[in-house]
Amino acid sequence: MEPMANIALRAGRLAGEHIVRGFDRPDLVKIWEKGHNDFVTNIDREAEQIVTDTLRTKYPDHIITGEESGTSESESDYEWVIDPLDGTSNFARQMPHFCVSIACLHKGRVEHAVVIDPIRQEEFVASRGQGSTMNGKRIRTSAVELLDGASIATGGRDRHLHLDEETALYRHLLESRALTRQPGSAALELAYVAAGRLDGLYMRGLARWDIAAGALLVTEAGGLVGDFEGGAGYMKSGNIVAAAPKCFKPLASAVKKYLT
173 MEPMANIALR
183 AGRLAGEHIV
193 RGFDRPDLVK
203 IWEKGHNDFV
213 TNIDREAEQI
223 VTDTLRTKYP
233 DHIITGEESG
243 TSESESDYEW
253 VIDPLDGTSN
263 FARQMPHFCV
273 SIACLHKGRV
283 EHAVVIDPIR
293 QEEFVASRGQ
303 GSTMNGKRIR
313 TSAVELLDGA
323 SIATGGRDRH
333 LHLDEETALY
343 RHLLESRALT
353 RQPGSAALEL
363 AYVAAGRLDG
373 LYMRGLARWD
383 IAAGALLVTE
393 AGGLVGDFEG
403 GAGYMKSGNI
413 VAAAPKCFKP
423 LASAVKKYLT
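Letter 152 of the sequence shown, counting from 1, is numbered 324 in this note's numbering, and no numbers are missing.
If you are wondering where the hints come from, they were derived from the structure by calculation, not from laboratory data.
Predicted model only: the values in this text are computed from it and were never measured.
In silico DSS-like links for lysine-lysine, alpha-carbon gap of 25 Å or less:
hint	residue 1	residue 2
1	Lys-408	Lys-429
2	Lys-408	Lys-279
3	Lys-230	Lys-279
4	Lys-408	Lys-421
5	Lys-429	Lys-418
6	Lys-418	Lys-428
7	Lys-408	Lys-428
8	Lys-309	Lys-418
9	Lys-206	Lys-408
Make the full structure from the sequences, and use the hints.
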């Protein structure tokens, strides 16, 4: 395993252990609302500090961008993008579907990715050009080709502002007999696409920390990732489509038709 991926895995494990302790003791969890239906807990903040401290021990000069703490100042070409607890709403409601997401970027390109589900003890890791693994075993996207029968996840922010478009696409998916899901953790759902558990997903209005690690997992597992327009601007726009290679075209075409 690459050294940077290894340190990210170590940081993610430590954060995951802390998150599980909080999940087991909900009486110790404090919840604040950052925005409408956008929550943060003391566990988010503490887990982010654990990841940051672990990375800083090894790479003190690197930029670190966290969902809760923002971006540190540095001249480094390396940046770590962290979501310490992706799926906070699930966590706060005692739903065991959330993850730690850590990505390492070099000059703006994601090179290493770690997504950890601390409840199921599943560790998804990827380094550019070296494939994706779960708990050390190689994973690949599914062989599904059609929307009919495909398992498609969705989610994101501010979808109510695009209600007509979102409803039209959802109707198309139902008419195509796709199986829709909205589990509530974008990074973990991207890992599931990489592992073939989901055939694809589309999500609107995400942040870089929601996308960065999971997108590399998908591409290194043989899948495709794009934005709603069919381009590669998903990290900037926050609008993402990801799928198994043969399922990508019908899903991306539908997303472009109805959401752009």
